[in-house]
Amino acid sequence: VNAAPFTVLTAQVWRANQPGRSRAIGRSDPIPFGKHKGTPIEQVDPGWLRWARDQSDYCDPDSLKFWPELRAAIVSVVGEPVPGEARPRVMSLPDLVAALDGRGIRLSARGRELATSEAVADPKIEEALRVHRPVLLALIAIIDPRAAPGSGSARLIWAADLRRRLKAWYGALSRRFHPDKGGSTEGQIAVNESYRTLMQTFDEWEATP
Amino acid sequence: MNESEMHDSAAEVWLLDTSGSMQGARIRLLTEAVAKYRRQATGIRLFAFSDEVRELRSVEDIGEPEGGTHLHLAIERAAALMAGRVVIFTDGEPSDSDACFAAAAKLPGTVDTVYCGDEGDRDARAFCAKLARDNGGRTATRDILKGQSLECGEVRDLLGLPAPTAL
Chain A
13 VNAAPFTVLT
23 AQVWRANQPG
33 RSRAIGRSDP
43 IPFGKHKGTP
53 IEQVDPGWLR
63 WARDQSDYCD
73 PDSLKFWPEL
83 RAAIVSVVGE
93 PVPGEARPRV
103 MSLPDLVAAL
113 DGRGIRLSAR
123 GRELATSEAV
133 ADPKIEEALR
143 VHRPVLLALI
153 AIIDPRAAPG
163 SGSARLIWAA
173 DLRRRLKAWY
183 GALSRRFHPD
193 KGGSTEGQIA
203 VNESYRTLMQ
213 TFDEWEATP
Chain B
39 MNESEMHDSA
49 AEVWLLDTSG
59 SMQGARIRLL
69 TEAVAKYRRQ
79 ATGIRLFAFS
89 DEVRELRSVE
99 DIGEPEGGTH
109 LHLAIERAAA
119 LMAGRVVIFT
129 DGEPSDSDAC
139 FAAAAKLPGT
149 VDTVYCGDEG
159 DRDARAFCAK
169 LARDNGGRTA
179 TRDILKGQSL
189 ECGEVRDLLG
199 LPAPTAL
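Sequence order for the protein chains is A and B. Residue numbering for the first sequence follows the working numbering, beginning at 13 and increasing consecutively. Residue numbering for the second sequence follows the working numbering, beginning at 39 and increasing consecutively.
None of these hints come from the bench; they were simulated from the model. Note that this is a predicted model, so its numbers are computed, not measured. Some hints could be false.
[As the list claims (entries may be wrong)] One side only, chain B facing chain A, incomplete, derived with CB under 8 Å:
hint, residue
1, A48
2, A49
3, E50
4, S59
5, R77
6, Q78
7, G81
8, A117
9, M120
10, G122
11, P146
12, N173
[Unchecked claim] Derived CB-CB ranges, DEER-like:
hint, chain 1, residue 1, chain 2, residue 2, range
13, A, R167, B, G58, 38 to 46 Å
14, B, G62, A, S40, 54 to 62 Å
15, A, D215, B, G185, 39 to 47 Å
Where a beta carbon is used, it is the ideal one built from N, C-alpha and C, also for glycine.
Sequences and hints are given; from them, build the entire structure.
As structure tokens, this is what we get:
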């Protein structure tokens, strides 16, 4: 698969669609997702809180609006992980960006190509990357022969499943960023551009024997 | 997609079957349910499909059902709008199933189906289920002529609408 530029939401677009950003969260605020949704953080089972704290790749866009603040509140209850305790589910964000960079996928914002270190250092870009994480991971799998099945029915099943996931990802972002749903034209254009670039890469992979 | 193309795009599209088989109670029950649901939803664009596809400003403009079930034309229209989500209300198999699957594959978003025909029609139900499954969506079956109302928790949940609040 040829390397493809991947358009991420620009800082400006992202900020415009983040009304809940910088919200202060305390120990008595409710958990916004999962089986303890609605329960004050300080009353939730500590084991679950430690699990939630270590989900560095948490992908619910609504929760991600204030994920750093939420994680800080959780840490105030159960503390930071001790060395060797934390078990992140997937690679860290810098590792993810480095992996993309190493595979020739260039990140760009507003037509300007970003260096890996620049992308990770920009908190707004970092937030955009977090929402895109499922898709970026899929992209890595596509171009990594160790991650995607190479042939036969396994490859077909894997591709069909990924296509469904991409549709669900696009649908969720459209229902959040489209002007008809209270988003903005600029935000939806960024979503559409990302989708098209990704699908082009996916189609190229599918066409490769 | 540039800014001018965005003027004719849609986050969510509902496609309503107005083919001949929907005549009578079916279209009345469908219209009543969609009217209520639409009042609770935002940013929905409605289209009626039979031999052709036309956009509805209001579900009350749906008209008298007649003609075939050219669902693939409606899905193609939704794909042209880059719809993030398509919900199909139909009572049977379309005129061209393969064309529907091909059109849905070009949709960027998901497809949910609400089958409101005879629950004994296994082929029609299987079509609706496959169309939804292949495109990251869900399906619901409500035989409305047997009294299974479209205004129910299953359809409400599929549409992503909140439960009604008690007065």
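Evaluated hints:
1. Taking 8 Å as the C-beta cut-off, the interface hint given for B:A48 holds, the closest approach to chain A being about 7 Å.
2. Hint status for B:A49: holds, given a least beta-carbon distance of 3 Å to chain A, under 8 Å.
3. Restraint check, B:E50 versus chain A: the minimum CB separation of about 6 Å is within 8 Å; hint holds.
4. Contact between B:S59 and chain A, as hinted, is not supported at the beta carbon level, the nearest pair being about 29 Å apart and thus beyond 8 Å.
5. At about 16 Å, the closest approach between the beta carbon of B:R77 and any beta carbon in chain A exceeds 8 Å, and the interface hint on this residue is violated.
6. Annotation: interface hint on B:Q78 violated; nearest CB of chain A at approximately 14 Å, more than 8 Å.
7. A least Cβ separation of about 3 Å between B:G81 and chain A falls short of the 8 Å threshold, and the interface hint therefore holds.
8. Restraint check, B:A117 versus chain A: the minimum CB separation of about 12 Å is more than 8 Å; hint violated.
9. Checking B:M120 against chain A by beta carbon gives a least distance of about 6 Å; that is within 8 Å, so the hint holds.
10. The interface hint given for B:G122 is met, as the beta carbon of that residue sits about 3 Å from the closest beta carbon of chain A, less than 8 Å.
11. Because the closest C-beta pair between B:P146 and chain A is about 5 Å apart, less than 8 Å, the hint holds.
12. Interface hint status for B:N173: upheld, as the beta-carbon distance to the closest one in chain A is roughly 6 Å, under 8 Å.
13. Here the CB-CB span from A:R167 to B:G58 is close to 43 Å, well matched to the stated 38 to 46 Å.
14. Evaluation of the 54 to 62 Å hint for B:G62 and A:S40 yields a pass: the beta carbon distance comes to about 57 Å.
15. For A:D215 paired with B:G185, a C-beta distance near 46 Å keeps the hint of 39 to 47 Å intact.
Violated hints, listed in ascending order, are 4, 5, 6, 8; each of the other numbered hints is respected by the structure.
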